[in-house]
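J.: On the provided structure of chain H, position chain L as indicated by the hints.
2 protein chains.
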Amino acid sequence: MTTTASLTDQPNPHPLEYIFHPRTIAVVGISADVPKMWIRRLYVETPLETGFAGRIALVNPGGGEMMGLPIHRSLKDVPGPIDHVVVSVPARYTPQVLEECREKGVRVVHVFSSGYAETGEPERVELQDRLVQIARAGNMRIIGPNCLGIYYPRGGMGLCPDFPMEAGPIGYLCQSGGNVSFMVRHAVARGLRFSKVVSYGNACDIDECDLLDYMAEDPETKVIAAYIEGAKDGHRLVRAINKAASAKPLVVFKGGYTEGGLRAAASHTGSLAGADAIWDSLLRQAGAIRVYSVEEMVDMLVALLRVDPPRGLNACAVGHGGGASVMATDELERAGLRLIPVPPELRERLKEFVDLANSMLRNPIDVSPVATVDGLEIWKELGSRPLRGVLSERAAGELGGLWGKVNAVLEQWHDLHLVVYHHGFDVSPMPVGEMIVAGLVGPMLLAAMSCQRPKAVVLHSMGNDESWRASADVRALCAEFGLPLFLSMRGAAQAIRKLYDYSQAYPDRLAALRR
Amino acid sequence: MTTTASLTDQPNPHPLEYIFHPRTIAVVGISADVPKMWIRRLYVETPLETGFAGRIALVNPGGGEMMGLPIHRSLKDVPGPIDHVVVSVPARYTPQVLEECREKGVRVVHVFSSGYAETGEPERVELQDRLVQIARAGNMRIIGPNCLGIYYPRGGMGLCPDFPMEAGPIGYLCQSGGNVSFMVRHAVARGLRFSKVVSYGNACDIDECDLLDYMAEDPETKVIAAYIEGAKDGHRLVRAINKAASAKPLVVFKGGYTEGGLRAAASHTGSLAGADAIWDSLLRQAGAIRVYSVEEMVDMLVALLRVDPPRGLNACAVGHGGGASVMATDELERAGLRLIPVPPELRERLKEFVDLANSMLRNPIDVSPVATVDGLEIWKELGSRPLRGVLSERAAGELGGLWGKVNAVLEQWHDLHLVVYHHGFDVSPMPVGEMIVAGLVGPMLLAAMSCQRPKAVVLHSMGNDESWRASADVRALCAEFGLPLFLSMRGAAQAIRKLYDYSQAYPDRLAALRR
Numbered sequence: 006m007t008t009t010a011s012l013t014d015q016p017n018p019h020p021l022e023y024i025f026h027p028r029t030i031a032v033v034g035i036s037a038d039v040p041k042m043w044i045r046r047l048y049v050e051t052p053l054e055t056g057f058a059g060r061i062a063l064v065n066p067g068g069g070e071m072m073g074l075p076i077h078r079s080l081k082d083v084p085g086p087i088d089h090v091v092v093s094v095p096a097r098y099t100p101q102v103l104e105e106c107r108e109k110g111v112r113v114v115h116v117f118s119s120g121y122a123e124t125g126e127p128e129r130v131e132l133q134d135r136l137v138q139i140a141r142a143g144n145m146r147i148i149g150p151n152c153l154g155i156y157y158p159r160g161g162m163g164l165c166p167d168f169p170m171e172a173g174p175i176g177y178l179c180q181s182g183g184n185v186s187f188m189v190r191h192a193v194a195r196g197l198r199f200s201k202v203v204s205y206g207n208a209c210d211i212d213e214c215d216l217l218d219y220m221a222e223d224p225e226t227k228v229i230a231a232y233i234e235g236a237k238d239g240h241r242l243v244r245a246i247n248k249a250a251s252a253k254p255l256v257v258f259k260g261g262y263t264e265g266g267l268r269a270a271a272s273h274t275g276s277l278a279g280a281d282a283i284w285d286s287l288l289r290q291a292g293a294i295r296v297y298s299v300e301e302m303v304d305m306l307v308a309l310l311r312v313d314p315p316r317g318l319n320a321c322a323v324g325h326g327g328g329a330s331v332m333a334t335d336e337l338e339r340a341g342l343r344l345i346p347v348p349p350e351l352r353e354r355l356k357e358f359v360d361l362a363n364s365m366l367r368n369p370i371d372v373s374p375v376a377t378v379d380g381l382e383i384w385k386e387l388g389s390r391p392l393r394g395v396l397s398e399r400a401a402g403e404l405g406g407l408w409g410k411v412n413a414v415l416e417q418w419h420d421l422h423l424v425v426y427h428h429g430f431d432v433s434p435m436p437v438g439e440m441i442v443a444g445l446v447g448p449m450l451l452a453a454m455s456c457q458r459p460k461a462v463v464l465h466s467m468g469n470d471e472s473w474r475a476s477a478d479v480r481a482l483c484a485e486f487g488l489p490l491f492l493s494m495r496g497a498a499q500a501i502r503k504l505y506d507y508s509q510a511y512p513d514r515l516a517a518l519r520r
Numbered sequence: 006m007t008t009t010a011s012l013t014d015q016p017n018p019h020p021l022e023y024i025f026h027p028r029t030i031a032v033v034g035i036s037a038d039v040p041k042m043w044i045r046r047l048y049v050e051t052p053l054e055t056g057f058a059g060r061i062a063l064v065n066p067g068g069g070e071m072m073g074l075p076i077h078r079s080l081k082d083v084p085g086p087i088d089h090v091v092v093s094v095p096a097r098y099t100p101q102v103l104e105e106c107r108e109k110g111v112r113v114v115h116v117f118s119s120g121y122a123e124t125g126e127p128e129r130v131e132l133q134d135r136l137v138q139i140a141r142a143g144n145m146r147i148i149g150p151n152c153l154g155i156y157y158p159r160g161g162m163g164l165c166p167d168f169p170m171e172a173g174p175i176g177y178l179c180q181s182g183g184n185v186s187f188m189v190r191h192a193v194a195r196g197l198r199f200s201k202v203v204s205y206g207n208a209c210d211i212d213e214c215d216l217l218d219y220m221a222e223d224p225e226t227k228v229i230a231a232y233i234e235g236a237k238d239g240h241r242l243v244r245a246i247n248k249a250a251s252a253k254p255l256v257v258f259k260g261g262y263t264e265g266g267l268r269a270a271a272s273h274t275g276s277l278a279g280a281d282a283i284w285d286s287l288l289r290q291a292g293a294i295r296v297y298s299v300e301e302m303v304d305m306l307v308a309l310l311r312v313d314p315p316r317g318l319n320a321c322a323v324g325h326g327g328g329a330s331v332m333a334t335d336e337l338e339r340a341g342l343r344l345i346p347v348p349p350e351l352r353e354r355l356k357e358f359v360d361l362a363n364s365m366l367r368n369p370i371d372v373s374p375v376a377t378v379d380g381l382e383i384w385k386e387l388g389s390r391p392l393r394g395v396l397s398e399r400a401a402g403e404l405g406g407l408w409g410k411v412n413a414v415l416e417q418w419h420d421l422h423l424v425v426y427h428h429g430f431d432v433s434p435m436p437v438g439e440m441i442v443a444g445l446v447g448p449m450l451l452a453a454m455s456c457q458r459p460k461a462v463v464l465h466s467m468g469n470d471e472s473w474r475a476s477a478d479v480r481a482l483c484a485e486f487g488l489p490l491f492l493s494m495r496g497a498a499q500a501i502r503k504l505y506d507y508s509q510a511y512p513d514r515l516a517a518l519r520r
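The listed protein sequences derive, respectively, from chains H and L. Sequential numbering of the first sequence, starting at 6, is according to our numbering. Sequential numbering of the second sequence, starting at 6, is according to our numbering.
Hints listed in this document are in silico derivations from the structure and should not be mistaken for laboratory results. Any given hint might turn out to be false.
Which copy is meant is left open, so a pair is good if it fits within one copy or across any two.
[As the list claims (entries may be wrong)] Below 30 Å or equal to it, Euclidean Cα-Cα: the simulated DSS-like pairs (lysine-lysine) are:
no.	residue 1	residue 2
1	K410	K237
2	K248	K237
3	K41	K81
4	K41	K356
Please read all numbers here as calculations on a predicted model, not as lab measurements.
Next up, chain H with everything else stripped away, as it sits in the complex (with noise of 0.2 Å):
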């Protein structure tokens, strides 16, 4: 333990540092060939572009060379120690790699492959237990079988190659290899990462308990997520739920909650998924919030993130057109919102400078008017320029022009606790082009980040490829701005709640996530 010990800077590490911190990874069954290309490319190629500091040796019984470095014929023959295995073979030849993991010394085996328990079959089942039980005797913790591994961006340890090296308080643990992927590509598009990432698979050894235990007690990690879809001690599960969710904001997707899904998880895990009752008066419990998908998941965590949590229930919806209003209205209000209409003083102020024509002013509040003004200056100012640099360059100074003097009136209205700003691009009968971005979107995103209240921004409306291009940029200048960005009404609305909720029942939380 103390060599690894010394990689991390903590006094008293827990137990389970060390696997984030190994010196030497082996790949067990690298191979050129191409239903092998996913092992070389996330195992191999992306540690050592993204600047993993350790060694990354090779092994194949072929032997060989790949990429400058040496494949090795077995575990014995690569020099000095190694700390952690990655190992793709076929299951059957599992239990021999295992055995060359104990007498080499590993500390961590990373199981990529799958066809254990997961299948249902007594064999397979049985293949499983014999990892487990040569693991224990050599003294190895096994993350997986059936598993993608570690996402480690602070260590080096890259992944997906498109994962971002950049580190963040997200720290996630997933059951599932596939909503690694998909729950970090999401969030990232929304500016948010991650400080860990474990995919544990079937959870033969290490499992939701010890990574939620690890994760409630990690500095680095200061939200956690969680994909679960079984556990199999209900009594450890208690005691872990409790202890990382009042350590921490945890949220919950518990995959496999109907009946059918339950069948499910069994045969993708292998877990004992358990009653759905059981799992939510659990999480309820705890003071765990439980999320329904990976997008309701990565709304929360925006929300979580990015949204002051507002002090009540009373929101303006802020944004353009009159159905998209009255949309947003009906979602927000949905979700237990209330859209309060604006005082009378408040509209006569607004009245002074929109016109009644095309507009709306007792909230929601539909500002098109205002945008064309102020996007006319906008488009005048762009010119050959980029929107982005355009708006990074008035986003540093006084908001200005009409969005200014809609802003003071928020500003004013005392009893207001959220103002919503939101555009859909799909919903501008013109082209959705640069236009419509600039002149429509810019000014409301500078308007956004000006804004002193709780807020969020909602995108929304982008169901064909011209719309979706044509909001890249803006979307990207959330991310970058750390503005809360929503990608639809009804997400954003239920996060909202949820933050609000969490935000009166366990303020201290919060409070320790937002310092």
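T.: Same frame as chain H, but now just chain L:
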């Protein structure tokens, strides 16, 4: 009435038929000013580009010329009769324009301008009433005010420049202008087309009842979609909804279904929205299908027009990825579908050619190993050829390959009613590029095409620019091939469940739609 009746092929045209067959359209308030570019683009350039067979006349007191057309100083200066006038001048001048329309013998006035009853200001409510009085006296009909007007591709009446001029079966009446472009763009991206679309705004004359009545009788319309914020006459509404719903599938999105939403609807289109419970029971009794967002509306239309109604609720999810399969199951079962286990003898047949490692063979079926094998085939065939070409060619032949064997097993599963093929782009740990698309999604689409059962295709998890771009070709192919494409499992599940319920309650209505 004789003049326009001759423009339709129907012996007894509906009293509103003529509004879709103008011979001359005059645009009053045309201008080169930037804020007015919408008017030029939507009502002059688009019809000129998209083959409107009649004349287009421009009117502005300033005179001049635009796009090679003279700008007349007033309506009476336009030579010959005018059937249809688009009015885009400030609200206070519109009564005068309507007087001129009356003198000129105009038959339909589409008032684009806003700033009437929707503002809630008494003098503006009165202004709207004056328009109605003038129209009544002159035997004219008004569309609007505060709306986009008509999109009628078969008649060469384009609207937004990116709307297709190919016609289809959907008649859409929409109280919001923005929800026209929102809905049409999203539906078109899924391969759907429209017979007639009318955005009717404040409904001061032609209202939801007139349009429902028209769509019910319109032989070009096979299914009716409606976005309605409110109605003035409850008794007429009940009759119109009942008539439309018994004639054809009727999908209604009632905007303003929350308390704040009711206020918002009043502020948007001056609608008296009415308690939601009343709407709900009215729609339920008429057998209309109620939805709660534009996205749900598009999903429902895809289900109605592209999915054969399943004869029961037993579904099988076939796709890629373990977590994705678990989530698919939960979403389908949550909507009331049942993922029954694969019968043992069929599971044995699957095991003959699907490797148990990295697959799930109990329903959900995770066919990742199958995909790899069939995908490599296509990948080899690609070379420098475009994926769309290769898939189109292959679609014409026998399915074959391992996917062919999967489909054969599904065919023999007698109590199965629905197959849902699914792929989540960001679910793949590999970068979402051409290889994933060609290798995993291409063969799956071919399988879906050759499947003889009720089926759906769900392509989801496109959360960033790479996956959206990479999926563009296969999404377009689904539209081209007429496959029922959904962009979320939740959306697919809910729409198909509603389709099932509808087909059980009203089999005759669906039979009429599908012949």
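J.: Please flag the earlier hints that this structure goes against, numbers listed from lowest up.
T.: Going through the list in order, the structure violates hint 1 alone and respects the others.
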